[in-house]
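J.: As a plain string of letters, each chain reads:
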Amino acid sequence: MCGNEALAEAAIIAGCDAYFGYPITPQNEITAYMSKRMPEEGRVFVQSESELAAINMVFGASATGKRAMTTSSSPGISLMQEGISYLAGAELPAVVVNVMRGGPGLGNIAPSQGDYFQATRGGGHGDYRTIVLGPSSVQELVDCMPLAFDLADQYRMTVVVLADGILGQMMEPIVLNGSMSDKKVHPEPKNHILRGGSDRNKTKQSQADLWCGARRKLPPKDWTLTGAEGREQNIVRSLWLKEGVLEELNYKLQAKYKQIEKNEVLCEQYEVAAAEIVVVAYGVAARIVRSAVEKAREEGIKAGWLRPITLWPFPHEQVSCAAEDLKIFLTVELSCGQMVEDVKLAVAGKAPVLFYGRPGGGVPTVDEVLEKIRQLSIKHETKN
Amino acid sequence: METVFKRTPTLKDSITHYCPGCGHGIAHRLIAEVIDELGIRGRTIGIAPVGCAVLAYDYLDVDMVEVAHGRAPAVATGMKRTNPDKIIFSYQGDGDLASIGAGEILHAAHRGEQITVIFINNAVYGMTGGQMAPTTVLGQVTATTPTGRQSTGQGYPLQVCELLAVLPGTIYIERCALSSPARVRKAKKAIKHAFELQVNGAQGLSLVELLSPCPTYWRMTPAEAMEWIENELTKVFPLGRLKNSVSRET
Numbered sequence: 001m002c003g004n005e006a007l008a009e010a011a012i013i014a015g016c017d018a019y020f021g022y023p024i025t026p027q028n029e030i031t032a033y034m035s036k037r038m039p040e041e042g043r044v045f046v047q048s049e050s051e052l053a054a055i056n057m058v059f060g061a062s063a064t065g066k067r068a069m070t071t072s073s074s075p076g077i078s079l080m081q082e083g084i085s086y087l088a089g090a091e092l093p094a095v096v097v098n099v100m101r102g103g104p105g106l107g108n109i110a111p112s113q114g115d116y117f118q119a120t121r122g123g124g125h126g127d128y129r130t131i132v133l134g135p136s137s138v139q140e141l142v143d144c145m146p147l148a149f150d151l152a153d154q155y156r157m158t159v160v161v162l163a164d165g166i167l168g169q170m171m172e173p174i175v176l177n178g179s180m181s182d183k184k185v186h187p188e189p190k191n192h193i194l195r196g197g198s199d200r201n202k203t204k205q206s207q208a209d210l211w212c213g214a215r216r217k218l219p220p221k222d223w224t225l226t227g228a229e230g231r232e233q234n235i236v237r238s239l240w241l242k243e244g245v246l247e248e249l250n251y252k253l254q255a256k257y258k259q260i261e262k263n264e265v266l267c268e269q270y271e272v273a274a275a276e277i278v279v280v281a282y283g284v285a286a287r288i289v290r291s292a293v294e295k296a297r298e299e300g301i302k303a304g305w306l307r308p309i310t311l312w313p314f315p316h317e318q319v320s321c322a323a324e325d326l327k328i329f330l331t332v333e334l335s336c337g338q339m340v341e342d343v344k345l346a347v348a349g350k351a352p353v354l355f356y357g358r359p360g361g362g363v364p365t366v367d368e369v370l371e372k373i374r375q376l377s378i379k380h381e382t383k384n
Numbered sequence: 001m002e003t004v005f006k007r008t009p010t011l012k013d014s015i016t017h018y019c020p021g022c023g024h025g026i027a028h029r030l031i032a033e034v035i036d037e038l039g040i041r042g043r044t045i046g047i048a049p050v051g052c053a054v055l056a057y058d059y060l061d062v063d064m065v066e067v068a069h070g071r072a073p074a075v076a077t078g079m080k081r082t083n084p085d086k087i088i089f090s091y092q093g094d095g096d097l098a099s100i101g102a103g104e105i106l107h108a109a110h111r112g113e114q115i116t117v118i119f120i121n122n123a124v125y126g127m128t129g130g131q132m133a134p135t136t137v138l139g140q141v142t143a144t145t146p147t148g149r150q151s152t153g154q155g156y157p158l159q160v161c162e163l164l165a166v167l168p169g170t171i172y173i174e175r176c177a178l179s180s181p182a183r184v185r186k187a188k189k190a191i192k193h194a195f196e197l198q199v200n201g202a203q204g205l206s207l208v209e210l211l212s213p214c215p216t217y218w219r220m221t222p223a224e225a226m227e228w229i230e231n232e233l234t235k236v237f238p239l240g241r242l243k244n245s246v247s248r249e250t
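First to last, the protein sequences are chains A and B.
Residue 210 in our numbering sits at position 210 of the first sequence, and the numbers go up by one each step.
Residue 236 in our numbering sits at position 236 of the second sequence, and the numbers go up by one each step.
Here chain B stands alone, though its shape is the one from the complex (with noise of 0.2 Å):
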């Protein structure tokens, strides 16, 4: 019989401790794909964030380090300007990247480190149990906007790409979602194109956001969540290649 899919050897053979219908048991193995597709699994270091992902080398087979909360840029960027020949990448979760570390990740882009960041939005903090998140949407309901979020006092959900965009430093930016096979393909494209351009050597950060379910946070079924995604979600983070400038202005 013919094997039509399986396992790419970079992402591991474990039980997973995700939730059942979250996504980033998808977004690991995208990044697997990408990684052996590349063939560089041996040159690759990457590094996991605070929140539910903070396990993510028991998934991915590359070098990985674990850091403090929202850090991964600064981090990145330590082993990037002292290791130019490999490829790094961090992997960071709405909380991680867009609240405790907005300015860790902002001056990333703004000084043009040559690093691929992985930003998953879910809309919520899902490791300590649901609360508000930067990204997310009015009227959400969370542990921690119990009534859902109100703009006064809790300000908008924060649209990380439009902000990174903007910046002459970053030199690719899209955001995808994981809520159909179709646009887990464009995922896949979109974060093989984040990767190729570090290992070209292209002067500058790029990002992927992927929109991601979380249904136990969400609470709802794992197909609503999906649904959630392409009605609710994608309103507030449209999808699409918000950059992508090869050579950056010097």
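Same shape as in the complex, but just chain A (with noise of 0.2 Å):
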């Protein structure tokens, strides 16, 4: 199974009840994977005109209730985006994920990370926010679909699980629904720091726990429309147009923000706290980033590697943390630079931050990243 047919199986035992999409390389193995068992589940599955069309009809079952969502690559993605800002204003729950590929414009069907700005400030117009995973293997893929779909109705919004070309295409042996089947219910979500390296025996308990375990308790969705019988119509909009109403809602939607970056912080780290140079990457660049920060260390370089999982929320404050030490940053991206600039505001000054990446379809190798952390122990030498 790669990663596209593990996430789309794991949707399905996430509860989805409706999958609407648009082919697009290189995330056609979930619509096509989709189309198979979504019927067989006694379940919905539509191939869409357009992704236009795809994000409404999501926007259609998810205001009647019903578990939706959508996949795509990055140019379909950029279509979707009005979609999801009409999500946003009508407060309704629905899970994106978001295969990346190399871009502008139709780019090329290689691996990219070039949607992150897109994906965490929000990417369609208006004031307004979407949560966005960024899982790093195959396992995760299937592990934060259950997430997604619960921080989507917990919150009423839009959740963006944000992969790229490797993650979609790569086999890795899974456990589809391991610890699913013990659904615990946490009624207080807390900030989560996962500890990786030294510590893996209690890293994969934690993760099992962080992504499986923490089944949440869901507000009830007595919003939706379903037919007026026997009650007062409800009705579900985004237009308000008397005065101050929508500034309202708009104070309203940053409250439940801040909500969400105080309680669902996912970051993952790696001798951090010991550490003259930490590596923040997320998503398939982090597997990269782990293999070099492993040989610096054998060659000696206080190293260790910093790993957002929720890239909106961003882990500020963990960040924030590891800067008060004299250590320096470098972010490694499969783009030119993005979430560098969240480092940057995390770190606000106390440290250097530098960035490598590749664009447009571009991998760094782990020599590449090993080198540039080599020239950086050399940098913090001479400086002290």
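Careful, some of the hints might be misleading.
Once the Cα atoms are required to be at most 25 Å apart in a straight line, the calculated DMTMM-like pairs of lysine to aspartate or glutamate come out as [what the hints assert, rightly or not]:
id, chain 1, residue 1, chain 2, residue 2
1, B, 6, A, 229
2, A, 242, B, 13
3, B, 86, A, 229
4, A, 256, A, 317
5, B, 12, A, 229
6, A, 36, B, 85
7, B, 6, A, 232
8, B, 188, A, 229
9, A, 302, A, 371
10, B, 188, B, 37
11, A, 221, B, 85
12, B, 12, A, 222
13, B, 86, A, 41
14, A, 242, B, 58
15, B, 189, B, 58
16, A, 258, A, 222
17, A, 350, A, 261
18, B, 243, B, 33
19, B, 12, A, 232
20, A, 295, A, 368
21, B, 86, A, 40
22, B, 192, A, 229
23, B, 86, A, 49
24, B, 86, A, 222
25, B, 12, A, 243
26, B, 189, B, 36
27, A, 302, A, 367
28, A, 252, B, 58
29, A, 344, A, 276
30, B, 192, A, 232
31, A, 344, A, 368
32, B, 243, B, 232
33, A, 36, A, 49
34, B, 86, A, 232
35, B, 86, A, 91
36, A, 221, B, 58
These aren't lab readings, by the way, just hints derived from the structure by calculation.
Starting from two chains that each stand alone, build the complex the way the hints lay out.
T.: Below, the structure is given as structure tokens:
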């Protein structure tokens, strides 16, 4: 099973009632998989005429209280931004998977992380946010699907799963619904800082808890459109013409976003406290970084890594804490530098923040990153 | 004294925001009457367009959603596929359905979605200030055709019913007008039939186009607007049932 198929099956297990999608490479396996599996489960699959239609089909299903998702890749996600903005305005839950490819424009079909800005800044018009999850393995793709649906329902908003062409296409051994059967209810979600590396057993435990065990107690969907039998009409809307009403809605949304920033940050870190060089990366880039840091440490370089799992809310506090000591930050991305801006905001001038990345489908190698770490190590020593 | 006419329960008792002589009020009432006559208020979900009728939920007392410009047929698809027991209708104007949402209505019809579409054609954009619509007739003066619409460069009026009737996914297509009491009664019959088809589980999309007056942007009195529908608009958009085939080829 490739990453695309695995996440599709995970969505079904997570209770996805309806899937709407338009083919685009490198995520076509999802649409094909759903076309077979959703009808088998008695659920809805529609191949839409466009990404515009797909996101609006999600909008329709979601307005009636169903769990709905769509998937696409970068150019298609651009087309969906109108719908995502309307979902935000109408406060409708939705799950959108972006298997990123090279851009801008038609770009290419190689892996990329060029849509970080679009995903973490809302993407469409208006003052809004989407929760953005950045899995870095096929297992995490699988594990983040129930979390994505739960977060969407809990906060009545869009959750974007930001994957890339490598994750979508690669095959890795996975457990599909391991701890899913054990549906623990966590009424009060807490910030998680996951630790990797030397503490591996503990990491696995907390990962399982985090992704799979943390099924939430979700609010009732009393706002949905089901036909107004025996009650007053429900209206799902995003137009508020009366003076001050839209302003109030925006404050309400911002208060919700503050809650999310407080409660839902996820990140993983390794040997950050004792590190002189902290490499920050997410998704597939984090895997390259992990290997490079391991090699650097074998050479005696004091390096560690920090991996944001939620890209919004960004782990500002964790990055900021790490910047208290004298460190150098290196951000590695499959882009010309997007997340690095969030790292800089979090570091707030307390430490140098450098960048290494390759755009347009280029993938940094372990050796390239290692060489960068070596150079910074020399700089760090010269400075002290 | 005998009551011969009263507001139907599904039509809310609200003050209208529509201009004097506008056809939306008539169309809303007909839909509300049909919903009440069929007894389907409790399982009906309506979709309001972007345009003058964006506030349709202020008048129609059913569960309603307001969606992006032109996307109603896609939203309706998402609703009906996940809720086959519900009655889903969209209410769309000519800018919404025939221009920006041309793709969505074409493909919802093409897929044979089991939805009911009420298409208000007043040959002009109302909400944005009277600009040319795809259905604006040749020679018609609008805010963006100051010397009258020319076929060269601005195209011909788009005949939506004729376009959709040829698709196997549609089961019922009729064009009516709101220009006289007799025409209004006929329009109600058409709307009722379109809803009944969905209630009976007929496989396919039904659409009723209503030629509707916009005195404000036609720069006419309400009476003149009604006459203009009869004398001019119906020449370009002939009234009648273009399609009624309950069992669609599979």
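J.: Could you run down the list of hints and mark each one as holding or not?
T.: Taking the hints in turn, this is what the structure says about them:
Restraint check for residue 6 of chain B and residue 229 of chain A: the C-alpha separation of about 22 Å stays at or below 25 Å, so the hint holds. For the suggested pair residue 242 of chain A and residue 13 of chain B, the alpha carbons sit about 20 Å apart, so the restraint of at most 25 Å is met. A C-alpha spacing of about 11 Å is found between residue 86 of chain B and residue 229 of chain A, which places the hinted pair at or below 25 Å, so the restraint holds. Proximity of residue 256 of chain A to residue 317 of chain A is assessed by CA-CA distance (about 19 Å); at most 25 Å being required, the pair is judged to hold.
A threshold of 25 Å between alpha carbons decides the hint, and for residue 12 of chain B with residue 229 of chain A the separation of about 16 Å falls inside it, so the pair holds. For a cut-off of 25 Å, the pair hint linking residue 36 of chain A to residue 85 of chain B stands: about 24 Å separates their Cα positions. Under the criterion of a C-alpha separation no larger than 25 Å, the hint pairing residue 6 of chain B with residue 232 of chain A is consistent with the structure, at around 21 Å. Between residue 188 of chain B and residue 229 of chain A the CA atoms are separated by roughly 24 Å; this keeps the pair inside 25 Å, and the hint holds.
Straight-line distance between C-alpha atoms of residue 302 of chain A and residue 371 of chain A comes to about 14 Å, which keeps the hinted pair within the 25 Å bound. Taking the CA atoms of residue 188 of chain B and residue 37 of chain B, the gap is near 11 Å; set against the 25 Å cutoff, the hint holds. Between residue 221 of chain A and residue 85 of chain B the alpha-carbon distance is near 19 Å, which keeps this suggested pair within the 25 Å criterion. For the hint pairing residue 12 of chain B with residue 222 of chain A, the CA-to-CA distance comes to about 22 Å; that is within 25 Å, so the pair holds.
Taking the CA atoms of residue 86 of chain B and residue 41 of chain A, the gap is near 21 Å; set against the 25 Å cutoff, the hint holds. Only pairs whose Cα atoms come within 25 Å are accepted, and residue 242 of chain A paired with residue 58 of chain B is accepted, the gap being roughly 14 Å. Using a Cα cut-off of 25 Å, the hinted pair residue 189 of chain B and residue 58 of chain B holds, with the two alpha carbons roughly 24 Å apart. With a C-alpha separation of about 24 Å, the suggested pair residue 258 of chain A and residue 222 of chain A falls inside the 25 Å cut-off, and the hint holds.
Taking the CA atoms of residue 350 of chain A and residue 261 of chain A, the gap is about 22 Å. The hint holds against a cut of 25 Å. Proposed proximity of residue 243 of chain B and residue 33 of chain B is supported: the alpha carbons are some 24 Å apart, at most 25 Å. Annotation: proposed proximity of residue 12 of chain B to residue 232 of chain A holds, straight-line Cα distance about 12 Å (limit 25 Å). Distance hint between residue 295 of chain A and residue 368 of chain A is fulfilled; the C-alpha atoms sit about 12 Å from each other, no more than 25 Å.
For the proposed pair residue 86 of chain B and residue 40 of chain A, the alpha carbon gap of about 23 Å is at most 25 Å, so the pair holds. Simply put, residue 192 of chain B and residue 229 of chain A have alpha-carbon atoms about 20 Å apart, close enough for the 25 Å limit, and the pair holds. At roughly 23 Å between alpha-carbon atoms, residue 86 of chain B and residue 49 of chain A fall within 25 Å of each other, so this suggested pair holds. Taking the CA atoms of residue 86 of chain B and residue 222 of chain A, the gap is about 17 Å. The hint holds against a cut of 25 Å.
Taking the CA atoms of residue 12 of chain B and residue 243 of chain A, the gap is near 23 Å; set against the 25 Å cutoff, the hint holds. Our distance criterion of 25 Å between C-alpha atoms is met by residue 189 of chain B and residue 36 of chain B, whose separation comes to about 14 Å. As the CA atoms of residue 302 of chain A and residue 367 of chain A are separated by approximately 17 Å, the hinted pair is consistent with the 25 Å bound. Between the alpha carbons of residue 252 of chain A and residue 58 of chain B the distance comes to roughly 23 Å, so the proposed pair stays at or under 25 Å and holds.
With a C-alpha separation of about 17 Å, the suggested pair residue 344 of chain A and residue 276 of chain A falls inside the 25 Å cut-off, and the hint holds. The suggested pairing of residue 192 of chain B with residue 232 of chain A holds, with an alpha-carbon distance near 24 Å, which does not exceed 25 Å. The hinted pair formed by residue 344 of chain A and residue 368 of chain A meets the criterion: a straight-line CA distance of about 22 Å does not exceed 25 Å. Simply put, residue 243 of chain B and residue 232 of chain B have alpha-carbon atoms about 23 Å apart, close enough for the 25 Å limit, and the pair holds.
Between the alpha carbons of residue 36 of chain A and residue 49 of chain A the distance comes to roughly 18 Å, so the proposed pair stays at or under 25 Å and holds. Annotation: proposed proximity of residue 86 of chain B to residue 232 of chain A holds, straight-line Cα distance about 17 Å (limit 25 Å). Only pairs whose Cα atoms come within 25 Å are accepted, and residue 86 of chain B paired with residue 91 of chain A is accepted, the gap being roughly 22 Å. A C-alpha spacing of about 22 Å is found between residue 221 of chain A and residue 58 of chain B, which places the hinted pair at or below 25 Å, so the restraint holds.
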